[in-house]
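Asks: Heads up: the sequence lines are chains S and E, in that order. With the UniProt record's numbering as the guide, the letters of the first sequence map in order to residues 1 to 340. With the UniProt record's numbering as the guide, the letters of the second sequence map in order to residues 1 to 335.
Everything labelled a hint here was simulated from the structure, so no lab data went into it. Keep in mind that the hints are not guaranteed to be accurate.
[Said to hold, decoys possible] Calculated from the model, a selection of chain E residues having no Cβ within reach of chain S, i.e. all distances over 12 Å:
(1) E33
(2) E57
(3) P190
(4) E197
(5) P243
(6) G274
(7) L300
(8) S326
[To be verified] The calculated lysine to aspartate or glutamate pairs, modelled on DMTMM-like cross-linking and capped at a C-alpha distance of 20 Å, are:
(9) K42/E - E189/S
(10) K149/E - E189/S
(11) K149/E - D332/S
Using N, Cα and C, we set each Cβ at its ideal position, and we do this for glycine too.
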Amino acid sequence: MSAETAGPETLGHLSEEPKGEDPGSSKARTITGKSPMRIALGRLLRDKIALVCLAVVLFFVFIAIFAGPLQKLFGVTTETAFPTQFLNLDGTPRAEFGPPYGGFTWDHPFGVAPRTATDNLAFWLQGAQNSLQIATTATIVAMLVGVTLGLLGGFLGGIVDRIIGFVTDFFLTLPFILAALTIAPIINERFRDSPNYPTIQVIALIGVLAGFGWMSVARLIRGEVLSLREREFVQAARVMGMPTRRLLLKELLPNLVAPIVVASSLMLPAFVAAEAGLAFLGIGVTTRPSWGQTLNQGIGFFDNYPLYLYQPLIAIVAIVLALNLLGDALRDALDPKTRR
Amino acid sequence: MFAYIVKRLLAGLVVLTLVSLSIFLLFWYGPSEPARAMCDSKTSNRCSPEKLEVFTEELGYNNPWASEFGNYVGGIVTGRDITVAGQTTRCEAPCLGLSYSTGKPVWEDMQSRIPATVSIAVGGASLYLLLGVPIGVAASKRRGTVADKTLVSSFLVISSIPYYLFALLVFLYFAVLYELPFVGQPGYTPLTENPAEWFGGLALAWICLGVFGCTAYTRYSRGAMVEALSEDYVRTAKAKGLPQRAVVYKHALRAALVPVVTIFGIDFGTLLAGTIFTEKIFDINGIGLWALNAVGQKDLPIVQATALFAAIALIVSNLVVDLLYSVLDPRVRLS
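Here chain E stands alone, though its shape is the one from the complex (with noise of 0.2 Å):
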């Protein structure tokens, strides 16, 4: 098991660093002039060419980029001073860069950003599984009737409709022309500030993201159940007298769990890495929504964080994935 898991990690730190890299390269190699988004916004838009090789040079794309990589990971781990223009900016660990329009380290922007993109993930993915869930169970337990088809084919027809088509009709019809009781404005407070508007703001985003999520868990956990139902141990806990309840939700429920709990990690972790469509539907000031206002912007950092931050969040969650799967289901054997 130990051995197992100290895989598991290297494999990730592995995949971690070769991403990080593969972004790192992107933008070094991608932009014709990389420094030209920061000069223009230092010189109010008078960018000339002996500026702009000023800034490139500044901000380190004459060097090779083995060795900039190597300022990126260690600003990321111990912080780093940035000059631009004269001005030393400390920033701290983890330094991701300095923004090209605010100036301002990108990490202390995105650390106001990460709790409304959380938020929405938690709130979002727990009624993936609160809806999802018992919505399969009840629907395996009658399976054949006309309840179930009907729920089959609606949620079939549910989840082939775009998301953010979906969104964007739930939120023009209860949050522009109809008002729903106990759903605020949709935005995001901090839940430090006022719980109540915090969560009256993000409620129908959860509202939205957990019924089109749910159509998905509904079908996987109904699959799974009416598997688990014909297993010969289902049988057998009939047979010695268990009730229903007991045979429904000890025996079969905790084994047709199992894969939807996988499914779940991976969820959680891509919602985590962005919501961007939630975001900006809902104009919560997530992640997401910074990242697309950067790009509007062409703020490469900030787009640059925000990929690096996606990527940890899905490899982190994979990870836990991985290893939650090897404790949850007793077949599974790591030698």
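Here chain S stands alone, though its shape is the one from the complex (with noise of 0.2 Å):
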């Protein structure tokens, strides 16, 4: 393509070059032809914002993947033999094992927690571990739920999608943390004793998580695909007798990539944030370390040991942050009408 046509280039050249350059020029010439998802790849290169927050996120990430051998460098364990040994007698923890009246140790390099004697950062390395793999877990299962539900009511329409529209609409009604309050004492009397109690819980609160999320993707999903069944190439794949699902999987699918990152961007914070708040309500997460955890114990210790509650706070805070602001920055790059 010569550097004269209006399109890709015209884009490419706002999006990737300052302007003044000669379009004759060697740099010019290689930006011609690129993919969309290169355009908005540059984009995001050049947000220094988005960057940032991206940093946070695989340090987060890090910190997820790699809780266990993160543990085992630091020497910490969530495990406390005689907790009392750690402890003043109003709970607080002694001097020597850190703050809030000693000072650094390596052996406890963010002290221990008061009450339990628990390492603080053995369990915030869980916390972030378990808090991601939930809300990723969540995220992927409302993702699959919406976008197959959006499919399927956008392109068949008619009665599938009146039905499929009801049923969001009666889930929207429905206030999420209820239904975990309703679904939690219910799950623990009929699993309690179960060996596998632990992982049921974490399932139910996936499936929770999940069953209240999937709606605002359905929706979206279904206008997406509502605008594009009347796309020539839709029709064009129609006319050819493509079968539904084919149709729906390698036509309609490859064109809803963006709005599916950008839509899982914003929830996976939400679901960081909203996995914490029910631990913190004592009906999420009970029998693994969860930030929210943390956040209640740290309440009635507030007055003298500050950071205890400071340390799921700001990684919650600043988590929840930064995806939110790098989803919203994905729109902006993915969005061919925003041109900065």
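Dock chain one against chain two, each of which comes alone in its own frame, and use the hints as you go.
Replies: Below you can see the structure in the form of structure tokens.
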């Protein structure tokens, strides 16, 4: 393609190059024929806020994946033998084990928890792991459900669309915290004595999160499909007699990648926040470490041990904020209408 | 219009029936031994399998679910007698069952908790509008200025922090570390008992809820006002020489408020359905905290009653919004 044609070049030029560049220079020529994804990536890489957010997110992902080895590296575990040896009579940690009364020690880089004397760093690392694990799984499940229902509703229309629409609206009216509140005691009652109770609790939590997260995706995808299905390439595929399944997966789905990516990157922080919030209330994860539990424990000791409460709080705020801003940046980068 | 209202009411009734049925079924099939908690509390934790069987029979868990659902609904409408461990308790309408831990009708406790939740919801929701709309209108009038941009981006950051962390920090700094003047220790005192204490105990919760919630309303009303101010009729009003204030508040704001009111109705319903985080953090004895404590005690009838209450609050608020919308927005044609 020559540099004079309008279209992708114009877009590439505006988004990639400083104005006033000679259109015939080698730089200008190399950008011709970039795919939309490459353009989006280029935009994202020039967005400083997005890069900082990406670094924060990657940091937490790294921590979550290597929580086990990192604990070994620092020589800390969540298991504490004889908690009383670490504690003063009022439940706060003794000075030789770090804050609030003592200084930094390598034995317990984050200090130890009041009352239980669990090592804070180990708990925090495992909390990060559980939080991201649950949020990521819930996002994947919610995406699968939402995209499938959105595709079907938007493409098939008619009675299928109306039923899916009704179910979507129905779920949208139910408050998610109350659903979690309702389901938590039932799961507890039924599986309390089962050896798999921790796993079942996590699965139930993922189910609740995903069960109340898919609706926005379904609506979004349905809307996109409604406009896509009238486009020529879809009609051409139909005329050629392409089966519906193939049409949905091979023609429509690739065109929905951008909204799906943006929606997942905005759903993830919501789930991280929700997971910690439920654990804070005592109706989320109770059998494994979670940041929310530390928040709940920390309130009573905030007077003289604020650092204990701030460890999970800073982590949650950092990751939620970073993911939200990254999601916004992704949306801007992937949207061909925004030209910056 | 009348036909529309009837249609909406009927649809609301259908949804209400569906929701209450699904809540009932969840609590019917969910627990493996639904009578266990009741049995434990009545026999001081010495519940043998034989006793459990007696309680299961008494509470009706051996009957088909449909007839028990009929009983439950009948109890809500007319009240019923419930016999547990040979003791018959008269459960007045609306009967939502007996609490497993106290053995008293659930509604008796619930009645005393509802005012606290309603107080939080009304106060918080009014602040949504009282703070959010004026700030949004002011921002839309100064669109594009530094003040507007700062406001929009800082509100965006606040609203992406999870609410409970915001509330927690407000509580810790303004109630635990530094006490604000005019604001008492958070908690709930009935309005009829001591209005000053009622206000002081709830003030911090309201402020917290209001400041956090108003960010969204600022965004909505700013967006709606920006749109409205660029409409032709606003230009006409300006052209015919109306003062700026009349143009902004009488012409533009009225149109801009319609979508805001819609969202407000739904948000208010959500608040009524449960202000769990606010109640837990500020230790206010409302429905949310009550349900949360019931979860700890495995007191399923209380949780069930809360879920039902929340569903009713949400469905009714949705209904009211739909009806209001048709009145407020002249563009909505009902036929």
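Asks: Now tell me if each hint is right for this structure.
Replies: Status of the hints after comparison with the structure:
1. The Cβ of E33/E sits about 7 Å from the closest Cβ of chain S, inside the 12 Å cut-off, so the non-interface label is violated.
2. E57/E, annotated as away from the interface, keeps every beta carbon of chain S farther than 12 Å; the closest lies near 19 Å.
3. Annotated as non-interface, P190/E keeps its C-beta farther than 12 Å from every C-beta of chain S; the closest such distance is 25 Å.
4. For E197/E, the non-interface assignment is confirmed: its Cβ lies about 23 Å from the closest Cβ of chain S, beyond the 12 Å cut-off.
5. For P243/E, the condition that its CB be more than 12 Å from all CB atoms of chain S holds, with the nearest at approximately 38 Å.
6. At the 12 Å boundary, the C-beta of G274/E falls inside the reach of chain S, the nearest C-beta of that chain being 5 Å off.
7. Under the 12 Å C-beta cut-off, the non-interface status given to L300/E relative to chain S is violated; the minimum distance is some 6 Å.
8. A cut-off of 12 Å between C-beta atoms confirms that S326/E is not in contact with chain S; the least separation is 18 Å.
9. Restraint check: the Cα-Cα separation between K42/E and E189/S comes to about 18 Å, which is no more than 20 Å; the hinted pair holds.
10. A threshold of 20 Å between alpha carbons decides the hint, and for K149/E with E189/S the separation of about 51 Å lies outside it, so the pair is violated.
11. Restraint check: the Cα-Cα separation between K149/E and D332/S comes to about 18 Å, which is no more than 20 Å; the hinted pair holds.
Hints 1, 6, 7 and 10, counting from the list given before, are not met by this structure.
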